[in-house]
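Sequence lines, in order, name chains W and C. Residues 1 to 330 (the numbering used here) are what the first sequence spells out, left to right. Residues 1 to 325 (the numbering used here) are what the second sequence spells out, left to right.
By construction, these hints were calculated from the structure, which means they are not laboratory data. Some hints could be false.
Calculated cross-link-like contacts (lysine to aspartate or glutamate; reagent style EDC-like; alpha-carbon spacing at most 16 Å) [as the list claims (entries may be wrong)]:
no. : chain 1 : residue 1 : chain 2 : residue 2
1   : C       : K73       : C       : E160
2   : W       : K315      : C       : E320
3   : W       : K243      : C       : E320
4   : C       : K246      : W       : E230
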Amino acid sequence: MKIALIGAGKIGKRHLKIWTEMTDVEIVGVVVRQEEKAQKIEQTYQVKTYRTIAELLQTEEIDAVDICTPPYTHLEIVQEVAKAKKHIMISKPLAVTQKEAEEIIQICKQYEVQLLVGHTLRFFPEYENAKAKIENEAIGRPGVVRMSRGVPYPSRDHEWYTDKRLSGGLFVDLGVHEFEWITATFGQAERVMARHIKRVDQAKNPIEYGLVMIRLVDGTVVHVELSWAETKYRASFELTGNKGMISYDHDEANPVALDLHHGEEEVDLPKSMLRDDPYVRQLTHFVDCLNGKTSSIISPYHAVAAIQIAEAACKSAEEGRPILIQKEEA
Amino acid sequence: MKIGIISFAHMHALSYATQLTNRSDVELAYIWDEDETRGLDMAKEYNCQYLADLNDFLATDIEAVIICSENSKHKSHVIQAAKAQKHILCEKPIATEVEDAKAMIQACEEAGVILQIAYPVRFSPVLEKVRAMIQQGAIGEVLAINATNHGLMPGGWFVEKELSGGGSATDHIVHIMDLIRWIFADEVKNVYAELDTRFYDLDVEDCGMVSLELDSGMIVSIDPSWSRPKTYPTWGNVVMHFVGTKGNLSIDAFKQHSLYYNDKDLKIEELPWSEDMDAGLVADFIDCIRTNRKPSITGTDGLRTLEVVKAAYQSNALKEVVQLN
Chain W
1 MKIALIGAGK
11 IGKRHLKIWT
21 EMTDVEIVGV
31 VVRQEEKAQK
41 IEQTYQVKTY
51 RTIAELLQTE
61 EIDAVDICTP
71 PYTHLEIVQE
81 VAKAKKHIMI
91 SKPLAVTQKE
101 AEEIIQICKQ
111 YEVQLLVGHT
121 LRFFPEYENA
131 KAKIENEAIG
141 RPGVVRMSRG
151 VPYPSRDHEW
161 YTDKRLSGGL
171 FVDLGVHEFE
181 WITATFGQAE
191 RVMARHIKRV
201 DQAKNPIEYG
211 LVMIRLVDGT
221 VVHVELSWAE
231 TKYRASFELT
241 GNKGMISYDH
251 DEANPVALDL
261 HHGEEEVDLP
271 KSMLRDDPYV
281 RQLTHFVDCL
291 NGKTSSIISP
301 YHAVAAIQIA
311 EAACKSAEEG
321 RPILIQKEEA
Chain C
1 MKIGIISFAH
11 MHALSYATQL
21 TNRSDVELAY
31 IWDEDETRGL
41 DMAKEYNCQY
51 LADLNDFLAT
61 DIEAVIICSE
71 NSKHKSHVIQ
81 AAKAQKHILC
91 EKPIATEVED
101 AKAMIQACEE
111 AGVILQIAYP
121 VRFSPVLEKV
131 RAMIQQGAIG
141 EVLAINATNH
151 GLMPGGWFVE
161 KELSGGGSAT
171 DHIVHIMDLI
181 RWIFADEVKN
191 VYAELDTRFY
201 DLDVEDCGMV
211 SLELDSGMIV
221 SIDPSWSRPK
231 TYPTWGNVVM
241 HFVGTKGNLS
251 IDAFKQHSLY
261 YNDKDLKIEE
271 LPWSEDMDAG
281 LVADFIDCIR
291 TNRKPSITGT
301 DGLRTLEVVK
311 AAYQSNALKE
321 VVQLN
C-alpha cells in the first residue's frame, strides 16, 4: 500500500511515525510547504518530501493520501487529490462548515474515491466498547447522556486552531469528537441549545468554555461540556437508560501512577497504556478499508452531522436561543 | 423550646426529628400528620404526642414547626402555622406555584414569624469551605458552572403531580440553584430546559437538562434527572464544576464515603461519613428563633429558586428561552 501524507504538523507527525512503522505500508512522500521543516522531516523519518501536492501527485505512484492539514484547507486539497483518483484519509473535523463537508463527500463520490474521516475517538476502546454495549441494549432505552472533553487552550504556535474561521473554534474543533460519537451511537440531533464563554485568564491567556444541550430525534437528552480552559486533559461520559448506566472518567481509568521523589529525573511514562494506541488502530482500520477487507466504521455523513451540531451550537450561543437541526436526507 | 412537626410525608422529617431529639435545648413535643397511622407511629418513635387535629396542634405551646408535608400542601400549612404565630422551617421546594410562595411569604411577614426554607446543603462543611474559597477569589472570577443533582426515582407522592407539583425538575433544580445564589449572590437572567419522562412510566418528568444565564453573564447547566440506576450505590449526587479565570474547581458534595461491597444483599453501597447537614440546618433554625434574627435561608430564597423551576417548565413547553425579571 503506497501512501502519501499531506501536512506535518502535530497530527501529521503522529501519523507519519505510525505509517513508517507499519510493515505493509510504504510512505512514498510527504508534502511539507516549508523547506526547513521539510529537511527535518526527511532526516527524522527517512522519507521523501514535496513542497506542493501537485508535484507529489505527478511524481509518485500513490494508492491513498492522508490529509493532516488544518480543516479550512480540506476542501481545496480534497478537490486536488480526488481528481487524481487517490483515496482519501482526512483528519477531523471534515471541514469548518457543513456546506464544505458536504461538498467534500460529493467530490469523493464523483471521483469514486474512498473518504475515510479520522474521528479517532471511535478507536478509543472505552468509547468503542460503550457504543457496542449500547447497541446491545445494555442500558435499555437511552435517557440522559452526559459527555465532557477538556484540554488546555491550544498553544499559540497553532494560531489557526483557535481562529473560528479556520478551525471552527471550540464547538467544531473539540466538539465534533463527541458530536460524531453521539450521532453514530444514538442517532440524529433534533435541537441544540448552547452557551459559550470566551475570556482571558488572570495571566492574560485566553480560555474558552461551552455547555451544549442536544435533544436527539429519539428524545434522548444530551449534555456536552467542552473546555479549552483546563490545565490537563479531561474526558468523561455517563450514559444512562432505563436499564442501566455506563460511566467513564479518564482521571479514574489510569492503571499506572508514577510519583518520583526527585522531580528532575526523566522517566518516560507512555502517553497511552495500550499496545496499539487509538491512532494506530485508526490507521490500521483505514488500511483494511483501502485493501477492501472491510468498510469504514466512520460514515462521512456522521462527520457532517457532527459539524452540523457544532454549527448549530455556535449559532445558538451567539443568538441565545435553541436551534433546530435540519433533517439529513442521507 | 417546644417544636412540632407537621407531616412526615417527606422522608426528611425523620432526619429533622432525629436532630431535634438529639438536642437537649429543644423538645419535639407534638406531631400532626394527615396520615394518622404514620403520625402515631412517628409519635411513638420519637417519644412525643400525636394530635389528629391541626387546629389543636397549632393551639399548643410549641414555638415553632417543621413542615414536611407534600409540596402542594406547604402553602396552607405555612399560612395556618403563621397565623398561629409559629416560626416555620419548611421543606423545599417552598411551594408548587409562584403565587403560593408569595402568599406564604406575606403571611409570615404579617404574622412576624420566621420562615426558613430547608436547603440543608448550605450546611455541608464541603460547601461552606468551597463558598469561602470562591468568595476569596481562589479561582478568580467564575465564568461557568456544570452541575448535577441526580437521584433515584423516589416514587410515592413525588410522582403525583397534584401533590408534588412536578417530577425531577421540581425535586432537584432548586438545590443547585440555591447553592449558586448563595455562593454568588447572582440571579438568573434566562432559562432553557429540555424535560422528559424516559426512565419510568410516570405522569411527571423523570429527567432533563436546564441551561441558565445569570445576571453576571455566568453560564450554568443543571442536570436534575432521576437517572441513577437501581444498582447505584447511593441515593444520588450533588456535583458542581466551576470554571474560573484563575482555574477550575470541582466538588462532589457526598464524596466523603467508604465503599461497602455487601454480599449479604448482593449490592455495592456507599457508606457516607460526612458530617450531617441537617444538624446544621436545624441548629441554625433554632438559633434564628432564639436570637430573633432574619433566617439565613428566607422565603424569598425559596421563591427565587421556584421561579427558575417554573421557567424551566415553561421553556420546555415552548422550546424557547424564557427570560426572568
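Check whether the Cα positions of K315(W) and E320(C) lie no farther apart than 16 Å.
holds (15 Å)
Taking only the CA atoms, is the gap from K243(W) to E320(C) under or equal to 16 Å?
Not satisfied, since the Cα-Cα distance of roughly 31 Å exceeds 16 Å.
Hey, K73(C) versus E160(C), does the alpha-carbon distance stay inside 16 Å?
Holds - the C-alpha atoms of E160(C) and K73(C) are around 13 Å apart, at most 16 Å.
If you draw a straight line from the CA of K246(C) to the CA of E230(W), is it 16 Å or shorter?
holds (10 Å)
Violated hint: 3 only; the structure is consistent with all others.
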